[in-house]
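Heads up: the protein sequence lines correspond to chains A and B, in order. Numbered per our numbering, the first sequence spans residues 1 to 219. Numbered per our numbering, the second sequence spans residues 220 to 358.
Any given hint might turn out to be false.
Said to hold, decoys possible - Examples of chain A residues lying across from chain B (beta carbon under 10 Å, computed):
| hint | residue |
| --- | --- |
| 1 | Q4 |
| 2 | T8 |
| 3 | L9 |
| 4 | H40 |
| 5 | T76 |
| 6 | L85 |
| 7 | F86 |
| 8 | M89 |
| 9 | Y97 |
| 10 | G196 |
These are calculated hints, taken from the structure and not from any lab test. By construction, the Cβ of each residue, glycine as well, lies at the ideal position given by its N, Cα and C atoms.
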Amino acid sequence: MEFQITKTLWYFDLELHVRIGNQILVLWGPSGSGKTTVLHCLAGLLKPSAGFIELNDRVLFSSDRKINVPARLRNTGYLFQDYALFSHMTVRHNVMYGLLKRKNRPGTDADVVELLKLFGVEHLADRYPGQLSGGEKQRVALARALAVQPELLLLDEPLNALDKNTRVSLRQEIKKIHRRWRIPFVLVTHNEEDAGFLGDEIVYLNRGRLFSPPSPATL
Amino acid sequence: MFTWWAAVLASVVVAFPLMYQSAKAAFRSVDVNFEKAARTLGASEVRIFFTITVPLAWPGILAGLVLTFARALGEFGATLMVAGNIPGQTQTVPLAIYFAVESGDNTTAGVLVAVITVFSFAVIFWVNRWAKRRGNNSE
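Bound conformation, chain A alone (with noise of 0.2 Å):
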């Protein structure tokens, strides 16, 4: 995957050319540096004023070549920062959103079990979100992401509602669900320990611009 995005924002201008394989790639920063602009723009919330994204070898957007891929069909995961939830769905319901689309193979109920249970959290299927504790919204809320297989996860400050235990365990669970999915993940936080346990590689921001990227080793 590859990216080179501008994007005006009425503060300052962010700039920003990265390349990665299927890595972790961690937008590190602190608050209003533009890091989650960048995640919108990666999905096709937000339009960035130049550049280009592509994935796979797919153009997602490229100003010169006017193409501005629609987030529906970017199939790219999002984690948001406060999950995202839909509120009035259980968590079957919730999981099963992204595979009713799909024409080829609409998702089963046997699917989503399975994600669940991948997650550990098989037995909150019938819950509703309120229901739920941050660890396990934040693993619902993966499971969901996952669920239409794509090609790009996005994870927008996804251990900064919870506490330590919690986040110990649950950016171990980022290791290896990265570990399994073989895709590229882009992670933005604004935690110093956690860019430096996920990154397989590390982008500082700050006021939109890219900081000498310090290498795992030296955080």
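Assemble the complex: chain A is given as a structure, and chain B must be docked to it using the hints.
Coordinates of chain B only, in the frame set by chain A:
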């Protein structure tokens, strides 16, 4: 003019702003992140509207329905003007009460007041119970 359609139209016109306000507030209150999440899961805008936006805005829309219902039930002025007071055709309960009192028939007026009060309470009671049941499901 002077048909029951005119009465319906009068009620709609006076009640519409209430519905508009409630529905607007309800749709606004839906977290945009839900819609964004649905988009990244491959849902079309139409599907997002019917499966995410409307269900989440539903309590507000329902509140708007109750308000408009109450407003329409008590509608008097506009109805009298465009639909008139033709018994059996365009006479609404508020008109009937007014003309009963005018002609000194307080018994009829009293009965009608009782009927409309009980009816309103019944509707609101039913709506509340129904809304509560839905609410319990999603909490």
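Status of the hints after comparison with the structure:
1. A hinted interface residue such as Q4(A) counts as satisfied when its beta carbon comes closer than 10 Å to some beta carbon of chain B; here the least separation is about 22 Å, so the hint is violated.
2. Taking 10 Å as the C-beta cut-off, the interface hint given for T8(A) is violated, the closest approach to chain B being about 21 Å.
3. Because the closest C-beta pair between L9(A) and chain B is about 18 Å apart, greater than 10 Å, the hint is violated.
4. Hint status for H40(A) relative to chain B: holds, with the closest Cβ pair at about 8 Å, below 10 Å.
5. Nearest Cβ of chain B to the Cβ of T76(A): about 6 Å, under the 10 Å cut. The hint holds.
6. Because the beta carbon of L85(A) sits about 8 Å from the nearest beta carbon in chain B, less than 10 Å, this interface hint is met.
7. For F86(A), the suggested interface contact is upheld, since its CB lies about 6 Å from the closest CB of chain B, less than 10 Å.
8. The beta carbon of M89(A) comes within 8 Å of a beta carbon in chain B, closer than 10 Å, and the hint placing it at the interface holds.
9. A hinted interface residue such as Y97(A) counts as satisfied when its beta carbon comes closer than 10 Å to some beta carbon of chain B; here the least separation is about 5 Å, so the hint holds.
10. Restraint check, G196(A) versus chain B: the minimum CB separation of about 28 Å is more than 10 Å; hint violated.
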